[in-house]
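Asks: Chain order of the listed sequences is A and B. According to our numbering, the residues represented by the first sequence are 1 to 290, in order. According to our numbering, the residues represented by the second sequence are 291 to 547, in order.
Heads up, some of the hints might be wrong.
Partial list, computed: chain B residues near chain A (C-beta under 10 Å) [to be verified]: (1) T337; (2) K340; (3) I353; (4) E372; (5) A379; (6) A392; (7) Y419; (8) P420; (9) R435; (10) S439; (11) R440.
Hints were generated in silico from the structure; no laboratory data involved. C-beta atoms are modelled at their ideal positions from N, C-alpha and C, and glycine is treated no differently.
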Amino acid sequence: MSTKSTTDRTRGVHEDGGAPINIGHLRRARRERILSWVMPITLLVVAICIWEFLVRYHEIPKYLIPAPSLIAETLVRDFASLMASSWFTVKLTFLSLALAIVGGVLLGALFALSRPVELSLFPFAVILQVTPVVAIAPLILIYVDSTFAALLICAWIVAFFPILTNTVVGLRSADHNLRDLFTMYRATPWQKLRYLLAPSALPYFMAALRVAGGLALIGAVVAEFVAGTAGQHTGLASRIIESSFRSEIPRMFAALFLVSLLGIVIFLLTSWASHRVLGHWHESEIRREL
Amino acid sequence: MTGDPIITMNRVSKEFGDVLAVDNMSLSIREGEFVTLLGPSGCGKSTALKMIAGILPLTAGEITISPAKGNAEHDLGFVFQEPTLKPWASVFDNVYLPLRLAGVGRSDGEPRVREALKEVGLSRFARSYPRQLSGGMKMRVSIARALVSRPRILLMDEPFAALDEMTRTKLNNDLMQLSDDHGLTVVFVTHSVFESVYLSTRVIVMAARPGRLVADMPLDAPWPRSEDYRTSIEFTDEARRVSETLKGTLHVDEIDH
Ligand SMILES: Nc1ncnc2c1ncn2[C@@H]1O[C@H](COP(=O)(O)OP(=O)(O)OP(=O)(O)O)[C@@H](O)[C@H]1O
Ligand SMILES: [Mg+2]
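Go ahead and model the full structure; you've got the sequences and the hints to work with.
Replies: Structural data, given as structure tokens:
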């Protein structure tokens, strides 16, 4: 160890300096990355064109299946009202996700720290989770005055559970020998949490976040359906119901499109966050350097 | 070379439920000794080592570690069979861990981390992540981490068992050099007779069911050993002697069951 071993040195050169064989791999990796964007988008455009063509060719009435061009037109015409609704749904979704993160992580940490707390509270978390939110929503709407708060609670219930369970599992997943090492070095509970348990839990948490992001949106939309609220300060779900009452199918599609778009944005955001946080070390996010 | 007793185990026992992992073990290790614990799988070597480290509580008996004279952050360094590194932290941060836990600031700790990395020949890899290193290099990081707090005692649990022969030989030599340089007391668990005879100044042979100490064999060949010792008649003789003692314990075991 006082003298550097030759094996280490050669390995170092291999890792630092780019060996020529790497270039081919890099090129292939870049092509793959571009393809992963280009292919789905091309497919989508083709599908939309076929849709447009079929609707026009067979002269399908717009109250059955509207053409994509008509949906786009509706989007532009109803822009103001649709944007206001979108903003409502965005607020609802992200606020409930944020509260789910705070609640899930805090309660998860509490569970991981104390077995008795977990044993006594976990069943209630399960009951909350297994009861369909559609079934609880009417009750919550009765008991909570503010509609927004009631919707928030519904979306929160749906998004909260995966974060809770994964935080608990994650905090318990720390390597046993590393735990022993921390014990040997007389780490304080805070040091143990900060430098061992929390980083170990991170991959589990990020996986939960990706699930919870989607669930928060589902919760927000479903709750609004149940609430069946009308008027100015309502979300995309209300626009869908409203359009269905008035048989404004293109508007329904437009609102549906915005809901999907929101879902995609949430998915991309959480995936990006996961890559940012885990990219440099966790197996799930590492692109292997060949 | 060796001095006052530094680790004293007095009638130490450890039970896991109804398994007697270590039974009534007494052992005194003096400063500067390189002791190996040798024995078949399940004889309680790891358990004994973890009790010395203060990781496992004892069921009975006591272990005393003589008070430190120097100013080390921590008396003990521990190296596991697996490198046991934090995958999310760089090599530097992994080695810095013991200092960080002892409250040493990053700027104060930095030169010492660099020194420890230099000692194990990994200066150039401070910014790498564990996944970018080979098995042998990870083990070196683990050793650097154990040394960075300048411990007097180094506890190692089959640290090189998973490595290939060449890497293992190299690390054996480096380890002897390091422990000589630092005047370390080493307790080294292994189930390789050859490794124990080559490395240590004293072999403690243990037997299983219940885990107990069966023989305490000092090895007199000059230490630190050189590569030539591996091929000497003396080495072969010692290896045979230890090997036969070990076989004897297995034999007794078979009669027991
Ligand atoms: N945490 C534990 N819980 C229950 N039993 C344990 C535990 N740790 C060890 N044991 C038992 O104690 C005995 C000694 O185990 P130990 O790990 O000390 O053996 P070892 O000599 O290190 O073996 P190996 O060479 O395979 O590592 C074994 O019978 C094992 O089953
Ligand atoms: Mg063991």
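Asks: Let me make sure I understand: some of the numbered hints might not hold for this structure. Which ones are they, in numerical order?
Replies: 1, 3 and 11
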